[in-house]
Amino acid sequence: MRWTEDKVAILIGVIILLIGSTVYLFLPLLDVYILEALDLVRAASVKLGKWEVNPLEAFEMKWVGLILLIIILGGLLGWGATRLGDSLLDFTKGFIAVFMLAILANLLGSQVDFKSIGFGYALWAIILGIFISNVFGLPDWLKHGLKHELFIKTGLVLLGAEVLFGKILAIGLPGLFVAWVVTPIVLVATFWFGQRILKIRSKSLNITISADMSVCGVSAAIATAAASKATKEELTTAIGLSMIFTSVMMVALPAFIKAVGMPEILGGAWIGGTIDATGAVVAAGAFLGDKALNVAATIKMIQNILIGVIAFAVAVYWTAKVDKKEGEKVSVSEIWTRFPKFILGFVGASILFSILQQMLSPENSEMMIEQGVFSFSKSMRSWLFCLAFVSIGLSTNFKELKSQFSGGKPLILYLCGQLLNLGLTLLMAWLMFYKVFPEITNSI
Amino acid sequence: MKRKFSYTILFLVGIVGLRQSIVVTRKLSPTLSDQTKMINERNIDPAVIFYTESNEALRAEKEVRKKVN
Numbered sequence: 001m002r003w004t005e006d007k008v009a010i011l012i013g014v015i016i017l018l019i020g021s022t023v024y025l026f027l028p029l030l031d032v033y034i035l036e037a038l039d040l041v042r043a044a045s046v047k048l049g050k051w052e053v054n055p056l057e058a059f060e061m062k063w064v065g066l067i068l069l070i071i072i073l074g075g076l077l078g079w080g081a082t083r084l085g086d087s088l089l090d091f092t093k094g095f096i097a098v099f100m101l102a103i104l105a106n107l108l109g110s111q112v113d114f115k116s117i118g119f120g121y122a123l124w125a126i127i128l129g130i131f132i133s134n135v136f137g138l139p140d141w142l143k144h145g146l147k148h149e150l151f152i153k154t155g156l157v158l159l160g161a162e163v164l165f166g167k168i169l170a171i172g173l174p175g176l177f178v179a180w181v182v183t184p185i186v187l188v189a190t191f192w193f194g195q196r197i198l199k200i201r202s203k204s205l206n207i208t209i210s211a212d213m214s215v216c217g218v219s220a221a222i223a224t225a226a227a228s229k230a231t232k233e234e235l236t237t238a239i240g241l242s243m244i245f246t247s248v249m250m251v252a253l254p255a256f257i258k259a260v261g262m263p264e265i266l267g268g269a270w271i272g273g274t275i276d277a278t279g280a281v282v283a284a285g286a287f288l289g290d291k292a293l294n295v296a297a298t299i300k301m302i303q304n305i306l307i308g309v310i311a312f313a314v315a316v317y318w319t320a321k322v323d324k325k326e327g328e329k330v331s332v333s334e335i336w337t338r339f340p341k342f343i344l345g346f347v348g349a350s351i352l353f354s355i356l357q358q359m360l361s362p363e364n365s366e367m368m369i370e371q372g373v374f375s376f377s378k379s380m381r382s383w384l385f386c387l388a389f390v391s392i393g394l395s396t397n398f399k400e401l402k403s404q405f406s407g408g409k410p411l412i413l414y415l416c417g418q419l420l421n422l423g424l425t426l427l428m429a430w431l432m433f434y435k436v437f438p439e440i441t442n443s444i
Numbered sequence: 001m002k003r004k005f006s007y008t009i010l011f012l013v014g015i016v017g018l019r020q021s022i023v024v025t026r027k028l029s030p031t032l033s034d035q036t037k038m039i040n041e042r043n044i045d046p047a048v049i050f051y052t053e054s055n056e057a058l059r060a061e062k063e064v065r066k067k068v069n
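Keeping their order, the protein sequence lines are chains Z and L.
Anchor point for the first sequence: position 258 equals 258 in my numbering, and the numbering is continuous, going up by one each time.
Anchor point for the second sequence: position 21 equals 21 in my numbering, and the numbering is continuous, going up by one each time.
Some hints could be false.
Below, computed lysine-lysine pairings styled on BS3-like, alpha-carbon distance capped at 25 Å [what the hints assert, rightly or not]:
#1 L/67 / Z/435
#2 Z/258 / L/27
#3 Z/167 / L/62
#4 Z/143 / Z/229
#5 Z/321 / Z/229
#6 L/37 / Z/291
#7 Z/62 / Z/50
#8 Z/199 / Z/324
#9 L/2 / Z/399
#10 Z/435 / L/66
#11 L/37 / Z/47
#12 Z/258 / L/37
#13 L/67 / Z/167
#14 Z/7 / Z/143
#15 Z/143 / L/4
#16 Z/93 / Z/7
#17 Z/409 / Z/203
#18 Z/291 / Z/258
#19 Z/329 / Z/203
#20 Z/291 / L/2
#21 L/66 / Z/167
#22 Z/409 / Z/199
#23 L/4 / Z/93
#24 L/62 / Z/291
#25 Z/341 / Z/324
#26 Z/50 / L/27
#27 Z/167 / Z/203
#28 Z/399 / L/4
#29 Z/50 / L/37
#30 Z/321 / Z/341
#31 L/67 / Z/291
#32 Z/7 / Z/324
#33 L/37 / Z/402
#34 Z/47 / Z/62
Stretch-level coverage of chain Z by chain L, calculated; a stretch enters the list once three of its residues show a Cβ under 8 Å from a Cβ in chain L [as the list claims (entries may be wrong)]:
#35 6–16
#36 104–113
#37 144–154
#38 270–279
#39 290–296
#40 300–314
Because the hints were derived from the structure by calculation, they are not lab data.
Beta carbons are placed, not taken as given, at the ideal position from N, Cα and C, and that holds for glycine.
Using the sequences provided together with the hints, build the complete structure.
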């Protein structure tokens, strides 16, 4: 069997999901509880604690978990690297250095002041990587650990499991209209604007910015960039724009809503549909009140689910249209050959866990899947994304990154797309929550 | 070597400076200050990138679903 990066990513993703599912789902369903295995999996689901002045506070009770994590991830990814032709020793040396930087990025992202404005590990990982590679340069031994595509693809297979389609009707039809009708319209219109009006040279940069602005920030940027084979500089540009605007909108949008006296539910729906990242949506919604928080977070969650469909659609469009040479007819088998197969792992995990969630009772689904399997898989996924961002930063040339911003086109694209998003989402939220389905608004 | 050292110092000063500017802006802006207070009180993490990482988002969905259905 010829191993490719996509196949390796899918297999590692499946192994991680199997570990989590065995401990939290399959064995408990058989009434079997292996406490030692449960403790190990819990310990490996490590997230650094918050700290204000003393960074060591972040590591309280986390050392064992971090060691377990490096063994699990290092072992699985090391196996993957050997399948792809690297030597295990070379990969391990580089991987340990990348992992140490990922810990540092997580540490900075756990500082309470940075956290409060939404500057999480993703931004710090990229900044640290760019700083080190552009100031000190990279030794050859470190380069073997820079497998950002493998890290991202594996992380995306795990993310797929968290995309549960049973959630899309959580707030009824109004939520579906705000999140699933406006978002694709904004995405397509922004992409069209970038191609036809701004004439952005790179289609993959255009779609990555359009998706992170219209869907759900960093996670959408990662999925779309991988599906459209965007370069690491393009992904960095999209993530940088999203994080800066998210931290501004998180404060400015609720302040504006309060100032104009907009109803709480309308404000919540507006926030949920327009602010990129889930965490920032929750913070902005909570600033308006509990009703706004509930509506905002639910709309954002429904929008999160959309990334499965968007990533799949972008992968198909890129394979069938964008990668096609002029005048070339692409057969179905050719589309299949070119199609990024890890997307199938992403979509497959989503469908499988959506079915599992529907089969279980709501209580079991919450306990075994959301608080069980996902507690392990989302921790692994976060670390994989962090490793990917460190690798991206380490292999990014600052001059190349700067050239992405030439003419300010990415910034103009983001701003114009976001303005359209703000207008359309507000209109749709008002129509759905106050004109078409007022009874749902009254029940909230 | 001297240049690398200067860049490193500059980078570290930049991180500390960014943190200080957040603290000062919060003191000057009542809106930002109120929001940070609320974030701390409710233990919200504004840096999470997906709904499954946010306990508030998961709780909100369940509450809304119960009220709407």
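Taking the hints in turn, this is what the structure says about them:
no. : hint          : verdict
1   : L/67 / Z/435  : 19 Å, holds
2   : Z/258 / L/27  : 20 Å, holds
3   : Z/167 / L/62  : 10 Å, holds
4   : Z/143 / Z/229 : 21 Å, holds
5   : Z/321 / Z/229 : 14 Å, holds
6   : L/37 / Z/291  : 19 Å, holds
7   : Z/62 / Z/50   : 12 Å, holds
8   : Z/199 / Z/324 : 19 Å, holds
9   : L/2 / Z/399   : 22 Å, holds
10  : Z/435 / L/66  : 22 Å, holds
11  : L/37 / Z/47   : 23 Å, holds
12  : Z/258 / L/37  : 17 Å, holds
13  : L/67 / Z/167  : 15 Å, holds
14  : Z/7 / Z/143   : 22 Å, holds
15  : Z/143 / L/4   : 20 Å, holds
16  : Z/93 / Z/7    : 24 Å, holds
17  : Z/409 / Z/203 : 13 Å, holds
18  : Z/291 / Z/258 : 14 Å, holds
19  : Z/329 / Z/203 : 20 Å, holds
20  : Z/291 / L/2   : 56 Å, violated
21  : L/66 / Z/167  : 13 Å, holds
22  : Z/409 / Z/199 : 9 Å, holds
23  : L/4 / Z/93    : 24 Å, holds
24  : L/62 / Z/291  : 13 Å, holds
25  : Z/341 / Z/324 : 18 Å, holds
26  : Z/50 / L/27   : 21 Å, holds
27  : Z/167 / Z/203 : 31 Å, violated
28  : Z/399 / L/4   : 18 Å, holds
29  : Z/50 / L/37   : 15 Å, holds
30  : Z/321 / Z/341 : 17 Å, holds
31  : L/67 / Z/291  : 11 Å, holds
32  : Z/7 / Z/324   : 24 Å, holds
33  : L/37 / Z/402  : 36 Å, violated
34  : Z/47 / Z/62   : 8 Å, holds
35  : 6–16          : violated (count 0)
36  : 104–113       : holds (count 5)
37  : 144–154       : violated (count 0)
38  : 270–279       : holds (count 3)
39  : 290–296       : holds (count 4)
40  : 300–314       : holds (count 3)
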